[in-house]
Amino acid sequence: CKHCQNYTIAFADLSFPYLREFKPEDILRMTKENGADGIAWTYNEPAIWHEFALDSSRLVKKEGGYVVYVTNGYMSYEAIDQFEGVLDAANVDVKAFSEDFYRRICKGKLENVLRCVEYLHKNGVFLELTYLVIPGENDSKEEIREFAEWVVGLDKRIPVHF
17 CKHCQNYTIA
27 FADLSFPYLR
37 EFKPEDILRM
47 TKENGADGIA
57 WTYNEPAIWH
67 EFALDSSRLV
77 KKEGGYVVYV
87 TNGYMSYEAI
97 DQFEGVLDAA
107 NVDVKAFSED
117 FYRRICKGKL
127 ENVLRCVEYL
137 HKNGVFLELT
147 YLVIPGENDS
157 KEEIREFAEW
167 VVGLDKRIPV
177 HF
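Read in order, the letters of the sequence shown correspond to residues 17 to 178 in the working numbering.
Hints listed in this document are in silico derivations from the structure and should not be mistaken for laboratory results. Even for Gly, the Cβ is constructed at its ideal location relative to N, Cα and C. Take the hints with a grain of salt, since some may be wrong.
Simulated restraints on C-beta separations [said to hold, decoys possible]:
| hint | residue 1 | residue 2 | range |
| --- | --- | --- | --- |
| 1 | Glu41 | Thr146 | 28 to 34 Å |
| 2 | Asp116 | Arg173 | 26 to 32 Å |
| 3 | Ser31 | Glu94 | 33 to 39 Å |
| 4 | Lys78 | Arg119 | 27 to 33 Å |
| 5 | Thr58 | Asp155 | 22 to 28 Å |
Heads up, simulated DSBU-like pairs for lysine-lysine below, C-alpha to C-alpha not over 30 Å straight-line [said to hold, decoys possible]:
| hint | residue 1 | residue 2 |
| --- | --- | --- |
| 6 | Lys172 | Lys125 |
| 7 | Lys138 | Lys157 |
| 8 | Lys138 | Lys78 |
| 9 | Lys157 | Lys125 |
| 10 | Lys77 | Lys39 |
Given the sequences, and given the hints that come with them, work out the whole structure.
As structure tokens, this is what we get:
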């Protein structure tokens, strides 16, 4: 959605100055060269390059690294299942706690995001949630309270970022 901090990256064309082609082996090599303990897929929805992220993550995991997804939470159960034993943690960006907002702004469904979060949790993936506060759009006390109650009902130990 246009309110996201990564909107321009998500819609970058081939002239974007940082656009490069990588192979999964390149990700592993860069992880090692930089002394990283693992990788975090972020700044653009990792599910849009699912196969690449999965292949790269498997290589990093095989070498003992950790794997994190920073995601909008719009992944199928099948996609999540493919990351079994590979995905250590996920930070899911819940953009609002209203179906109307998701339909109007995100052109999606809140229910799909909530089911994804619940499935990740059920499958033992460490979760953090980010709630993107947009004044006048999703910042009512009622909506934030309903979101917080949903999180507590799922697991009160889940960290939430506002």
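Verification of the hints:
no.: 1; hint: Glu41 to Thr146: 28 to 34 Å; in the structure: holds (31 Å)
no.: 2; hint: Asp116 to Arg173: 26 to 32 Å; in the structure: holds (30 Å)
no.: 3; hint: Ser31 to Glu94: 33 to 39 Å; in the structure: holds (34 Å)
no.: 4; hint: Lys78 to Arg119: 27 to 33 Å; in the structure: violated (41 Å)
no.: 5; hint: Thr58 to Asp155: 22 to 28 Å; in the structure: holds (24 Å)
no.: 6; hint: Lys172 to Lys125; in the structure: holds (24 Å)
no.: 7; hint: Lys138 to Lys157; in the structure: holds (28 Å)
no.: 8; hint: Lys138 to Lys78; in the structure: holds (23 Å)
no.: 9; hint: Lys157 to Lys125; in the structure: holds (21 Å)
no.: 10; hint: Lys77 to Lys39; in the structure: holds (16 Å)
When the structure is compared with the earlier hints, a violation turns up for hint 4 alone.
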